[in-house]
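**Q** Each chain, written out:
Protein chains: 4
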Amino acid sequence: MAHLLTTDELNDALKDLPNWHLEQNELCRSFVFSDFNEAFTFLTKTALLSEKLNHHAHYSGVYNQLALRLRTHDAGGITEKDIKMATTISGYLKA
Amino acid sequence: MAHLLTTDELNDALKDLPNWHLEQNELCRSFVFSDFNEAFTFLTKTALLSEKLNHHAHYSGVYNQLALRLRTHDAGGITEKDIKMATTISGYLKA
Amino acid sequence: MAHLLTTDELNDALKDLPNWHLEQNELCRSFVFSDFNEAFTFLTKTALLSEKLNHHAHYSGVYNQLALRLRTHDAGGITEKDIKMATTISGYLKA
Amino acid sequence: MAHLLTTDELNDALKDLPNWHLEQNELCRSFVFSDFNEAFTFLTKTALLSEKLNHHAHYSGVYNQLALRLRTHDAGGITEKDIKMATTISGYLKA
Numbered sequence: 000m001a002h003l004l005t006t007d008e009l010n011d012a013l014k015d016l017p018n019w020h021l022e023q024n025e026l027c028r029s030f031v032f033s034d035f036n037e038a039f040t041f042l043t044k045t046a047l048l049s050e051k052l053n054h055h056a057h058y059s060g061v062y063n064q065l066a067l068r069l070r071t072h073d074a075g076g077i078t079e080k081d082i083k084m085a086t087t088i089s090g091y092l093k094a
Numbered sequence: 000m001a002h003l004l005t006t007d008e009l010n011d012a013l014k015d016l017p018n019w020h021l022e023q024n025e026l027c028r029s030f031v032f033s034d035f036n037e038a039f040t041f042l043t044k045t046a047l048l049s050e051k052l053n054h055h056a057h058y059s060g061v062y063n064q065l066a067l068r069l070r071t072h073d074a075g076g077i078t079e080k081d082i083k084m085a086t087t088i089s090g091y092l093k094a
Numbered sequence: 000m001a002h003l004l005t006t007d008e009l010n011d012a013l014k015d016l017p018n019w020h021l022e023q024n025e026l027c028r029s030f031v032f033s034d035f036n037e038a039f040t041f042l043t044k045t046a047l048l049s050e051k052l053n054h055h056a057h058y059s060g061v062y063n064q065l066a067l068r069l070r071t072h073d074a075g076g077i078t079e080k081d082i083k084m085a086t087t088i089s090g091y092l093k094a
Numbered sequence: 000m001a002h003l004l005t006t007d008e009l010n011d012a013l014k015d016l017p018n019w020h021l022e023q024n025e026l027c028r029s030f031v032f033s034d035f036n037e038a039f040t041f042l043t044k045t046a047l048l049s050e051k052l053n054h055h056a057h058y059s060g061v062y063n064q065l066a067l068r069l070r071t072h073d074a075g076g077i078t079e080k081d082i083k084m085a086t087t088i089s090g091y092l093k094a
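In order, the protein sequence lines correspond to chains B, X, W and R. Just so you know, numbering that gives the first Met the number 0 puts 72 at position 73 of the first sequence, and the rest follows in order with no gaps. Just so you know, numbering that gives the first Met the number 0 puts 80 at position 81 of the second sequence, and the rest follows in order with no gaps. Just so you know, numbering that gives the first Met the number 0 puts 11 at position 12 of the third sequence, and the rest follows in order with no gaps. Just so you know, numbering that gives the first Met the number 0 puts 64 at position 65 of the fourth sequence, and the rest follows in order with no gaps.
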């Protein structure tokens, strides 16, 4: 099982994830897209990734806005799996 | 523009929407599905409907859980458009 | 790697998949839904499954029609992975 | 109802749609993406657009490949609606 990241490991990881922040022990990011279509297809991209990795984000959105929150439920906090997923999701924006 | 429903109209409409409730002036429903796939494809169904009707729900979810909240932004509350959308969404569950 | 099913194994498997047929060494099924929304969300369900299993169907569709074709590319034909996927997809229709 | 484009109108329109071609009286384009996720979310973008415009492409794909074909069924061929949709879809690639 993935282990909980220590504070040092977490701070290191966050340096490479400039638009993500910690909130209530979750790794969070908000997005604003041009319209609903852009926002929802971005969420679909994340959904397909979730099934591939068997790791599922909390999502919420309305129209062109979307927020994602990541944590590893079994581990009770943030693990390497969340960092990896956040990195992949951020990569989608550069495509 | 769709007009805000009166309290009487709203109470009448809610009789035909047994699993929806009012919360902070929004029409809300929570769903629990068997897994992420079921939950997310149900959301996709709602997303396609949203684009067709040009009326977009607030959504939030994690794994097999999903919550939807409806209001008509221009009107500042619940209108006939929300009732119609809630009715269609409930219909998806009976298919 | 999954092995190619023998003709006997394939015929046995097809008994439990009444709406699927063989065509050019692929396991095929056509679907007609009530509208585009139903057809596309069914395809989305299949897409999420594909990423989970790392096994991807060929799909084609227009409006309320959808066709799926399954084969295992590495094996050059139909394997147990295709039978399993077809069974899961058929199960979606009974939900 | 949208009228069928004349040969001249069609040739003019195709000048602005460099990657689309005519095939059997349909406006067609093939896409190759980096993986299934990219291909399927692009198709989802097109699906949401379809419901918004009430105009639906024929689609087919496997893994990272996708093909779209457009025509206006009522008109029996290519109309302004197809040109407009092809233009929007091409625009998605530049985002």
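Some hints could be false.
Computed list of lysine-lysine pairs in DSSO-like fashion (alpha-carbon distance at most 30 Å, straight line) [said to hold, decoys possible]: (1) Lys51/W x Lys51/B; (2) Lys44/R x Lys51/W; (3) Lys44/W x Lys93/X; (4) Lys44/X x Lys14/R; (5) Lys51/R x Lys93/R; (6) Lys14/W x Lys93/B; (7) Lys51/R x Lys83/X; (8) Lys93/W x Lys51/B; (9) Lys51/R x Lys83/B; (10) Lys80/W x Lys14/W; (11) Lys51/W x Lys14/X; (12) Lys44/W x Lys80/W; (13) Lys14/R x Lys83/R; (14) Lys93/R x Lys83/B; (15) Lys83/W x Lys51/B; (16) Lys14/X x Lys93/X; (17) Lys51/B x Lys14/X; (18) Lys93/B x Lys51/B; (19) Lys80/X x Lys93/R; (20) Lys44/B x Lys14/X; (21) Lys44/X x Lys93/X; (22) Lys14/R x Lys44/R; (23) Lys44/R x Lys83/X; (24) Lys51/W x Lys83/X.
No lab work stands behind these hints, which were simulated from the structure alone. Note that the coordinates shown come from a computational prediction; the quantities given were computed from them, not determined experimentally.
**Q** All hints, please: hold or fail.
**A** Against the structure, the hints:
no. : hint              : result
1   : Lys51/W x Lys51/B : 5 Å, holds
2   : Lys44/R x Lys51/W : 21 Å, holds
3   : Lys44/W x Lys93/X : 17 Å, holds
4   : Lys44/X x Lys14/R : 36 Å, violated
5   : Lys51/R x Lys93/R : 21 Å, holds
6   : Lys14/W x Lys93/B : 48 Å, violated
7   : Lys51/R x Lys83/X : 17 Å, holds
8   : Lys93/W x Lys51/B : 24 Å, holds
9   : Lys51/R x Lys83/B : 35 Å, violated
10  : Lys80/W x Lys14/W : 16 Å, holds
11  : Lys51/W x Lys14/X : 40 Å, violated
12  : Lys44/W x Lys80/W : 17 Å, holds
13  : Lys14/R x Lys83/R : 13 Å, holds
14  : Lys93/R x Lys83/B : 27 Å, holds
15  : Lys83/W x Lys51/B : 17 Å, holds
16  : Lys14/X x Lys93/X : 18 Å, holds
17  : Lys51/B x Lys14/X : 41 Å, violated
18  : Lys93/B x Lys51/B : 21 Å, holds
19  : Lys80/X x Lys93/R : 34 Å, violated
20  : Lys44/B x Lys14/X : 38 Å, violated
21  : Lys44/X x Lys93/X : 13 Å, holds
22  : Lys14/R x Lys44/R : 24 Å, holds
23  : Lys44/R x Lys83/X : 25 Å, holds
24  : Lys51/W x Lys83/X : 35 Å, violated
In the structure shown, a violation is registered for the earlier hints numbered 4, 6, 9, 11, 17, 19, 20, 24, in ascending order.
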